[in-house]
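Visitor: Order-wise, the sequence lines are chains Y and W. Residue numbers for the first sequence follow the numbering used here, so the first one is 1 and each next one is one higher. Residue numbers for the second sequence follow the numbering used here, so the first one is 1 and each next one is one higher.
Among the clues, some could well be false.
For chains that are exact copies, the list does not tell them apart, and a pair is met inside one copy or across any two.
Said to hold, decoys possible - When the alpha-carbon atoms are kept at most 20 Å apart in a straight line, the in silico SDA-like pairs for lysine to any residue are as follows:
1. Lys-25 x Phe-53
2. Lys-51 x Pro-167
3. Lys-120 x Ala-169
4. Lys-51 x Ser-199
5. Lys-51 x Phe-197
6. Lys-120 x Asp-176
7. Lys-51 x His-13
8. Lys-144 x Gly-64
9. Lys-195 x Ala-152
10. Lys-51 x Asp-18
11. Lys-120 x Asn-66
12. Lys-195 x Glu-54
13. Lys-25 x Leu-117
14. Lys-120 x Ser-78
Everything labelled a hint here was simulated from the structure, so no lab data went into it.
2 protein chains.
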Amino acid sequence: MPAKTANLVTVKHRVSTDQRVAANKHQSGVLWFTGLPGSGKSTLAIEVEQKLFEMGWQVYVLDGDNVRQGLSADLGFSPEDRTENIRRIGEMAALFADAGFLVITAFISPYRADRDLARKASGERFHEIHIAADVEVCEDRDPKGHYARARAGEIKEFTGVSAPYEPPAEPEFTVDTASQSVDESVSSLMTYIEKTFSS
Amino acid sequence: MPAKTANLVTVKHRVSTDQRVAANKHQSGVLWFTGLPGSGKSTLAIEVEQKLFEMGWQVYVLDGDNVRQGLSADLGFSPEDRTENIRRIGEMAALFADAGFLVITAFISPYRADRDLARKASGERFHEIHIAADVEVCEDRDPKGHYARARAGEIKEFTGVSAPYEPPAEPEFTVDTASQSVDESVSSLMTYIEKTFSS
């Protein structure tokens, strides 16, 4: 076998996550936000991303805005499609964490079994964060008018109205957005993140 | 509307890719490697990743090892499944580039139309790199023994043997791995990357 050919089968060494963590000077992981529509998931994710970026962290938000029209453009909102959507996001988030990122996912992710599958994809790096507010509070806010449209029957299978939400049984952290302001919620999240992901 | 509620609908500001590029001190983008089985895609991707990481770059390789058992675990190797596999990788790579990474994808990606779709997902950040070697050369190397098994009919729809490969018409860069050693190929890639993605 000539040398040029032999080279192609030498053992490959990927850059490890530990090496990336050392270079980035913070732990990597998945902050999996889950909660009802209007609970504040996306708002808090983007606020926290901004703060961590300013601290020099490698941080990225996956949410409906950048996933639903791309990776999951072929999926709707039936239970099967929601499950597949969350499965893909769980796998993608695991790769972002493997690449050294602290990735924040902001999806309703209403089914416990789906979130458990996402946890499995990332293992110990997975942190389930319950963005908690009662459906009454969320419906009262209704920032996008979706609850009103769901009540009118214009949106089908809307979580909290015509589709179920299964709250986490043992989340790593809970943010009470019903009684706390956005600033207070961001602050409590930042404390949790700095405590957990600083290296 | 009370202040706490109003806060939730304030305009959100994502961290932009430009901000990430400025912080990382290199451009982000997708290096889309395409070529026959055995052409050297994965080997070169991992070698280049190592070198760029040592230079302090945010770089990550997506290949069969980390995608086929996760994000695309539900897909096989039929033309339809290959197309869907490449579509998902194209969308995921676009998000990695959006997040500031130089991401290297190492997949056969045999169909021109599929690669064009991946290009569309990333726009100007997409660089198609042809890892070019004749099927005779690749089959002679056969690092995993797949060509032999394909010839024996043990692997169906194997690119280069029983499934087509459509070479890129206008790749941004071509690496001739038939006549160059691995070191020479890595070197030519590094020159291209530093020229194109340094900031």
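Visitor: Just pull the numbers of the violated hints for me, sorted ascending.
Guide: The structure breaks hints 2, 6, 9, 13 and 14; every other hint is satisfied.
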